[in-house]
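Undergrad: Here are the chains, one letter per residue:
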Amino acid sequence: MTNPYLQLEGISKKFGQFIALGGIYLEIEQGEFICLLGPSGCGKTTLLRIIAGLEQQDQGVIIQGGKDISRLPAVRRDFGIVFQSYALFPNLTAAQNIAFGLQNLKKSPVETRRRTEELLDLVGLPSHGHHYPSQLSGGQQQRVALARAIALSPGLLLLDEPLSALDAQVRVSLRQEIRQLQRRVGITTIMVTHDQIEALTMADRIAVMNRGVIEQLASPSQVYRHPTTHFVGSFIGAMSFLPAIVKGIGWADCCGYGIRLHDVPVPAGNPIQLAIRPEDVRLAETHAMGDNIVKARVKGIEYLGAMERVTMGLHSPSGVTPDGKEREVLWMDLPASVSRDLNISVGELLSIHLPMDSIRVFAREGT
Amino acid sequence: MTPQPTSQILTLEDWIRRSLLFLILCWLTVAILFPIYQLVARSFQNSDGQWIGLLNYLEYFTTPSLSTSLLNSFQVAIASTFTSVSIGFICAYALTRTAIPGKGMFRMFFLLPISIPSVTHGIGLIYLFGNQGILTRGFFGFFQDRFGFDPSFNIQLYGFNGILLGDTLDCLPLAIIILTTALTIADARLYEAAQSLKTPNWRTFLQVTLPGIRYGLLSAILVCFIQAFTDFGVPIVVGGQFNVLATDVYKQVIGQQNFAMGATVSVLLVLPTLLVFVVNRIVEQRQIALVGAKVVPLKPKPNLFPDLVFFVFCGFISLVILSVLGTSIFASFVKVWYNLNDPRLLQFTLDNYNVNVAGSTGIEPFWNSIQLALYSAGFGTIVIFLTAYLVEKTPGWNQLRSFITFLSTLPNALPGMVVGLSYIFFFNLPSLILPFTDLSIPNPFNGIYTSIILLVIANVIHYHTVSFVTLSTALKQIDAEFEAIAASMRVPFYITLVRVTLPLCLPALSQTVVYLFVNSLRTVSALVFLYSAPGLLLATVAIVNLEDAGETAAAAAMSTLVVLTSLTIQGIYGLMTQRLINRSFGWMQ
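Protein sequence lines, in the order shown, are assigned to chains D and R. Just so you know, the first sequence maps onto residues 345 to 711 in my numbering. Just so you know, the second sequence maps onto residues 6 to 594 in my numbering.
It should be emphasised that the hints constitute simulated quantities derived from the structure, not laboratory data. Glycine included, C-beta positions come from ideal geometry on N, C-alpha and C. Incorrect hints may appear among the rest.
Reference excerpt, derived from the structure (chain D facing chain R, CB under 7 Å, subset only) [stated by the list, open to error]:
{"no.": "1", "residue": "Leu398"}
{"no.": "2", "residue": "Gln400"}
{"no.": "3", "residue": "Val419"}
{"no.": "4", "residue": "Phe423"}
{"no.": "5", "residue": "Gly424"}
{"no.": "6", "residue": "Ile425"}
{"no.": "7", "residue": "Phe427"}
{"no.": "8", "residue": "Phe433"}
{"no.": "9", "residue": "Asn448"}
{"no.": "10", "residue": "Leu496"}
{"no.": "11", "residue": "Ser497"}
{"no.": "12", "residue": "Gly499"}
Covered stretches of chain D, as calculated for chain R (at least 3 residues, CB under 8 Å) [said to hold, decoys possible]:
{"no.": "13", "stretch": "412-418"}
{"no.": "14", "stretch": "434-443"}
{"no.": "15", "stretch": "604-613"}
In isolation and in its complexed conformation, chain D is listed as follows:
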């Protein structure tokens, strides 16, 4: 078995009293595309800067390609980096930007030019070499920055929110281009982003970060379909959370409704949280009864184009506020064609099916 290309062991970092990173362990395979995903202030950028040597961790070890690089300054490490701001040298042309590092390698000018042209081709800008950054669009600038980052064929490519400053359409196309380029070059890549779609579409594995720790490290579909914590579930995609009490093996009570579950991590009598994605929530027959069937009142309908998101309040004697309003919120996504036929209106009481396979169970603090 081969060792992973990059190993982080117990990386921690404090800024004054603020704990930016609280002991990060991460192993990345050769050629893998990893996304560090999380809200602002979760420590993802700090982690990226520590991997680059632009920031120094308080504790922890970084091993890249079998070599301990924990204490090496950035100039002695092996990486290319792309920033959100592009950070192209404004007084140099696109070609000069790309050749900036090559020229320092004492290569022949012919070789430098050949490599520069090759890189311009690779990022789809073969005729833009003589343009200054200010003469290029945001997307073109970011491609030049990408070409510059891989010019020296580094072992590791670091992307710090590379798409965040771009227009929505450019972002979508560049998302795919970056991923294709990364596959072709086969470079191990770490990308920092706060955009879940970016992470889901681009990454081999996503490290979801919150408050300085990695909450879950898994493939995009795993992270989406099987979030391991409340935070991951709520941060990626929409998810409804309902309180429940464990009643027995594979069996819980949610505001008076009996819910069958696959496996429950805690013994009977303990409070848990049931989580379900809006697209997994089903409409049941009007008078359906039984397990996993609940009543809910429509509070609002949000038109999202291809679908409609119905916001409902769980209808139950125990789940209402003192003034009789439903407290527990449940979302349901309906394809636009379905909802047109159903003609649901606000205030209506619906029978809802929560399929057993789609329900995630999380521990709940307190009662």
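Once you've looked at the hints, dock chain R against the given chain D.
TA: Showing chain R alone in chain D's frame:
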């Protein structure tokens, strides 16, 4: 037990940068702290160098002929601040909030005094209002003879009046620059809101305009106060018997050779300056915070009657500035102003440009000044850029970097007189006594005492702060991630410096060169004590000496050379920056 936080291995590049930073620390310590220490120490010593505590200060305050200078300085500084800020406010308001024509021209005239020596105002005022002045003598009897009436009037120039006039001219551009900036950042939306609420104009002025520029106004007051309080050029020429602190220092040191009292008066000059300087720093920070906010710029609308009033006012102020300056230039070519027995109205000559008195030989002092200005601009720009670069772009060593920043802002609070005198004290010492010991070593810096190097250092330190701020600001605007990118490509810092950072700083660098050149040329206060070496008489010092020797025309000639050079340099710079931005730098857009 928690393990020790790890730290990065230091590379050769780190060591180079840190060594340079340490050298900068040494340079600023020797050039600022040591001399100032000597100056303060001397104020506690008698003429024989014995420690006498506060006796010098006691003597100053108990000798009425001395202590009046402190009061006089405050009087004249407060009065000049009041006039220059009031006039400056109206001018700045006209430039930013009215639709008068010729704003560019007015702005140029208003800012003229900033590039000419303050002694030049003095010379111009003497020619207009002095005892033999054109207006005082009623055009030398010309109107009396030809038209039979005498328009002469005497404003009693020498003393308070003269200093007030001269310093007002000297401070006016500073007030206008600061107030124009403050008035420019006003948010048009506030005025639109006021208008939609049907607020009368006077209330809008009191409740929107004035609060919006309060920090700028305060800053203008403080900066003008410092300028007038510490000015030497105007009072030495038109001050007469009206002693101020700056002239007192000069008279104590040069006239009476009383170095201890000179040091004492210097400290009295520094203390209020330092206080005002600190307050101004705080005010400026607030002002900067305002600039950061996004605003919709205000576009003034034409308004016939007020615009006319503002136009006439601006015209009058421009006329005053130009007449004082113009008279000093014109007078340098005049042989005879008016002679009843001679049909020629005026007789011109170039003789004033070749006067050999008061140690001045022809225009040699002017060439010395040019030389000094070139060296100061060259050396100053290099060393100040290096300082700003290392402070901004060196990783780590945060305390040292903030200390160097502090040292770099200190010279702004040091009047030129104080820089000059403290340099005499420190660099003239044959030996230095190491602190807390009786050991004394020969002063390694004594060698430059009589050379032009000392003058260069004095100028560079005197104008260090503004240059440092200009260059740091330019460096701050450069994306910090450039350094990270370069490091990721294993490009050493000095290559990034040469290929990216320096080209991006070119506008700020050329601005600094011009600033240092023009100010080295126009200053007198820092140099008046230091020119003592033979063959090193400088133009502005020569102006003071010639005027003192009664050779006002020769002083005017010397002043004209300085003024014309300074204006030429500024003009060339203005044209060059236009060209540079327009053509050579495609990337600047």
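Undergrad: All hints are to be evaluated individually against the structure, with a verdict given for each.
TA: How the hints compare with the structure:
1. Evaluation of the Leu398 (chain D) hint against chain R yields a held restraint, the C-beta minimum of about 5 Å falling below 7 Å.
2. Proximity of Gln400 (chain D) to chain R holds as hinted, the smallest CB-CB distance being about 5 Å (cut-off 7 Å).
3. For Val419 (chain D), the shortest C-beta to C-beta distance to chain R is roughly 5 Å, which falls under 7 Å, so the interface hint holds.
4. Hint status for Phe423 (chain D) relative to chain R: holds, with the closest Cβ pair at about 6 Å, below 7 Å.
5. At a threshold of 7 Å, the smallest CB-CB gap from Gly424 (chain D) to chain R is about 6 Å, leaving the interface hint in force.
6. Annotation: Ile425 (chain D) was flagged as interfacial toward chain R, and the flag holds, the nearest CB pair being 5 Å apart, inside 7 Å.
7. Among the interface hints, the one on Phe427 (chain D) holds; its C-beta lies about 5 Å from the nearest C-beta in chain R, closer than the 7 Å criterion.
8. Here the hint on Phe433 (chain D) is kept, as its CB sits about 5 Å from the closest CB of chain R, short of 7 Å.
9. Hint status for Asn448 (chain D): holds, given a least beta-carbon distance of 5 Å to chain R, under 7 Å.
10. With 7 Å as the threshold, the beta carbon of Leu496 (chain D) comes within range of chain R, its nearest partner Cβ sitting at about 6 Å, so the hint holds.
11. Given hint, Ser497 (chain D) at the interface with chain R, is violated; its Cβ is 11 Å from that chain's nearest Cβ, farther than 7 Å.
12. Interface restraint check: Gly499 (chain D) against chain R, minimum CB-CB distance 12 Å, threshold 7 Å, status violated.
13. Counting residues of the stretch 412-418 of chain D whose beta carbon lies closer than 8 Å to any beta carbon of chain R gives 5, which reaches the threshold of three, so the coverage claim holds.
14. Residues of the stretch 434-443 of chain D with a Cβ under 8 Å from some Cβ of chain R number 3, which satisfies the need for three, so the listed coverage holds.
15. Here the stretch 604-613 of chain D counts 0 residues with a CB under 8 Å from a CB of chain R, which misses the bar of 3, and the coverage is violated.
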